[in-house]
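Novice: Next come the chains, spelled out residue by residue.
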Amino acid sequence: MEKYTYVLQMKGIYKSFPGVKALNGVDIKIKPGTVHSLMGENGAGKSTLMKCLFGIYKPDEGKVFFKGEEVKFNGTLDALNCGISMIHQELMPIRDRTVAQNVWVGREPMYYGIFTDDKKMERDTKELFDRLNIDIDPREPMGSLTIAKMQLVEIAKAVSYNASIVIMDEPTSALTETETEHLFRIIARLKKQGVAIIYISHKMNEIFRISDEITVLRDGQFIHSAPASELDSARLISLMVGRDMDQLFPKVIHPINDVVLKVEDLACGKLFSGVSFEVRRGEIMGVAGLVGAGRTEVLETIFGFRKKTAGKVYINGKEVDIKSPNDAIDHGVALLTEDRRSSGIIPVLSVESNITVSSLKKYLNSFKLLNTKKMKDCAIEFSGKLNVKTPGIDTRIENLSGGNQQKALVARWLLTNPEILMVDEPTRGIDVGAKAEIHTLISDMAGEGKAILMVSSEMQEVLAVSDKILVMHEGKVSGIIDSEEADQELVMQYAAGLHN
Amino acid sequence: MSKRSFGYYIDKYSIYLVLLVLVVFLSILTPSFLTATNMMNLFMAESARGLLAIGVAFCIIAKGIDLSLGSVIAVASVVSASLLQDPSYGSRMFPNLPHIPVVIGILLALMAGMLFGLINGLLIAYTKIPPFIATLGTMTAARGAALLYTNAYPIPELRPDFKILGQGKIGFVPNIVLVLVFFLALAWVTLNKTRFGKNIYAIGGNDVAAKVAGIKIEKNLVMIYVWSSMLAAVAGILITARSGSGIASLGTGYELDGIAAATVGGCSHNGGVGKVGGILAGILILGVINNGLLVLGISPYIQQIVKGIIIVGAVVFDMRKANRR
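Protein chains in written order, with our numbering: chain A, 1 to 500; chain B, 1 to 325.
Misleading hints may appear alongside valid ones.
[As the list claims (entries may be wrong)] Cross-link-like lysine to any residue pairs, in silico, SDA-like; alpha carbons within 25 Å at most:
1. A/K376 x B/L186
2. A/K120 x A/D137
3. A/K58 x B/K216
4. B/K211 x A/G75
5. A/K361 x B/L186
6. B/K216 x A/F367
7. B/K128 x B/G278
8. A/K374 x B/L186
9. A/K389 x A/D444
10. A/K126 x A/F115
11. B/K321 x A/G392
12. A/K373 x B/L186
13. B/K275 x B/K169
14. A/K376 x B/F196
15. A/K368 x B/W188
16. B/K211 x A/D339
17. A/K323 x B/I129
18. B/K219 x B/V189
19. B/K128 x A/P93
20. A/K31 x A/I94
21. A/K362 x B/K216
22. B/K211 x A/L271
23. B/K211 x A/T372
24. A/K318 x A/P255
25. B/K211 x A/A310
26. B/K128 x B/N220
27. A/K72 x B/R320
28. B/K193 x A/V348
29. B/K321 x A/G75
30. B/K275 x A/I147
31. B/K211 x A/K58
32. A/K362 x B/V208
33. B/K211 x A/D321
34. A/K374 x B/K216
35. B/K211 x A/D137
36. B/K216 x A/S233
37. A/K29 x A/D137
38. B/K193 x A/L364
39. B/K275 x A/G392
These are calculated hints, taken from the structure and not from any lab test.
These figures come from a predicted structure and were not determined experimentally.
This is chain A alone, in the form it adopts within the complex (with noise of 0.2 Å):
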């Protein structure tokens, strides 16, 4: 018999940044075999508190026990070491190299300690693969597989690392939902074999179909911690944002009028092809579909940041020829990408570079030079507006949890007076709080006469934002419904190809 009843516990931790108290006394415990929810907007201190544990930050203050003994942890191989391993929510795969060798980088099984023993490795991966049934084949680079499958890979790299917690951030957030269910299973299975699971996901349906007890942290405090039995969605929000939040998809009916945006058999070769469309002012056209679909593409395309290989666009009723984002953006055309990362933010730029980059013609004076105070002006003017939480203006953007790079980039569009606004999954990734006002955001833009575009993959968000949805199935549209008559039902049927 073990003699402890946490597998671990962590009391009054303390971790502060430059301007930044991230974590202000938290305390979590952990008991072993149950899946543990961490809870808590994005800046909430999540993530700085399983840096914390995993050993890559340094707490200021604070003890950390593991199975009842206290234990410091110096770098993340001493976390490996003593059995708690973690998958981030960013992926850093070595792309050139086997799966078998990302699995076993820098522990890899040795021919007379020099030489990689490359068969043993491969067999291994088999093996684990198996063990959680995955299939993938451990010889393939791991560039070659999908962003689900990397993610598959990095969950069986922190099994197998024989821990007794695993921590999982953000796992799902490019997984289908087949993929999904899979994940649970793993999981399902790591529980009875006494594994300890520190969940982080916004995803409310999943952590309480996952979860055994859920933590809530708010501004780096520790709020609440309870059984998953003994709380709701509704409260759960509540504790999360602090004040209670009855409505998540806001939804006012605006004035629709003319049409703004017409597509007519738009194609970009093999990626999706006859794809045909209106969009007009003040109306959100959700685009929904599987992903893989082409959605992403057939934005992309529009945006000019693809080359379109037939088909014709028209804004406002004259035929116009996109060839960049640049001409875009002459043209009242706004994309908001999907990977606010790599091709959203500059990160090492400041919130309000990033805020003005698209609109530095507004604030030429005569001498086409640019004035930097109006600049700066009306960055923090629409960081305000905007309700994004910065320690300042200047603060570099990468420091900025995503809700809040999320809505300096849709500041930074706004800056463009676009007539067309088209957002790639505007709220994936995000807290609930930013997540309501990015939709009071779009809502508010559509009520401006502003025709929107919405690719999402969030059912709930699609149905309750949009006017219209398109759907899209394996490169063509498969049907245009109107929101009043759509469920979750028929979407999917479109989705899927049944409708035709």
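Since chain A is already given, all that's left is putting chain B on it; use the hints.
Specialist: What follows is chain B alone, placed relative to chain A:
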């Protein structure tokens, strides 16, 4: 945050602090260091490398590099010299060349140098090959072009109205130093007050995001490499005017000194970071070491070792600063 800790300011201004400490230290060690004459000598000696640092800094901020600058110096040197030789000299390179205004000679030399920058920019923007490789190619080719043009002979006996540019002074300040100050100011205005400058930071910080944000990446890259070659050409013309002859082997290795100064001055090779104040401090730190150790009578070989340590040390310090966040 209205209140910032002492440490924040130390971090932010550490480069100037290092410079200050060096100057104070050397002034105490030797009274002949901090004299007006010696300071002018220092600026004079660093001006060419300083111009290169200002040029290459733009490339570095845009997450690139320019290795061809030393060779561009040579191209500008031989072209300007060949067009502006003294007519009384018997064996001119072009014996039948009519008298042309100095300005024209300089402009043609500038254009010859900037041609290689244009090639760099076009290669990097449209073939997407790494800047290191593209400029390594032009570095080799431009040197070859300069050698071919002169057959490796020096071009001596330049016209006095050209030489005055490199040898003259306005008041107390040598022309070359004035040119350096002018380009520092121009670089500051460009980086802080123009769209081009802001675009350079955005491209270096995240080129995909910059493209999505509507920045014309290709056009800006071409401009960046034309800018760096322009500064190298200016440096080449000034050195030539000062020394009085055009030489095809001029400027060998200068590009590395320029890169070193920009790097010590805080331009991040990961892109998106760099300031003119820092670049100036970088130029001066390396200059103070050159000059100070010389005044102290320390072996030039030791100077090289010290400089090497400082270049690496500055980057290690910068990285630590970034990681502490």
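Novice: Taking 25 Å as the top limit, are the C-alpha atoms of B/K128 and A/P93 close enough?
Specialist: holds (24 Å)
Novice: Does A/A310 sit within 25 Å of B/K211, going by the straight-line distance between their CA atoms?
Specialist: Answer holds: B/K211 to A/A310 is near 23 Å, not above 25 Å.
Novice: Would the hint linking B/K219 and B/V189 be met if the CA-CA limit is 25 Å?
Specialist: holds (20 Å)
Novice: With the threshold set at 25 Å, check whether the alpha-carbon distance from B/K216 to A/S233 stays at or below it.
Specialist: violated (46 Å)
Novice: Between A/K389 and A/D444, does the CA-CA distance stay at or below 25 Å?
Specialist: Holds - the C-alpha atoms of A/D444 and A/K389 are around 20 Å apart, at most 25 Å.
Novice: Please verify whether B/K128 and B/G278 have alpha carbons no more than 25 Å apart.
Specialist: violated (29 Å)
Novice: Regarding the pair B/K211 and A/D321, is the alpha-carbon distance no greater than 25 Å?
Specialist: holds (18 Å)
Novice: Given the hinted pair A/K362 and B/K216, is their alpha-carbon gap at most 25 Å?
Specialist: holds (17 Å)
Novice: Tell me if the straight-line CA distance from B/K321 to A/G75 falls inside 25 Å.
Specialist: Holds, at about 19 Å.
Novice: With a cut-off of 25 Å on the C-alpha distance, tell me whether A/K376 and B/L186 pass.
Specialist: holds (22 Å)
Novice: Quickly compare the C-alpha distance for B/K211 and A/L271 to 25 Å and report which way the hint goes.
Specialist: With a Cα-Cα distance of about 21 Å, the restraint between B/K211 and A/L271 holds, given a limit of 25 Å.
Novice: Does B/I129 sit within 25 Å of A/K323, going by the straight-line distance between their CA atoms?
Specialist: The hint holds at about 23 Å.
Figure legend: structure checked against the earlier numbered hints; hints not met, in rising order: 3, 4, 7, 13, 20, 30, 31, 35, 36, 37.
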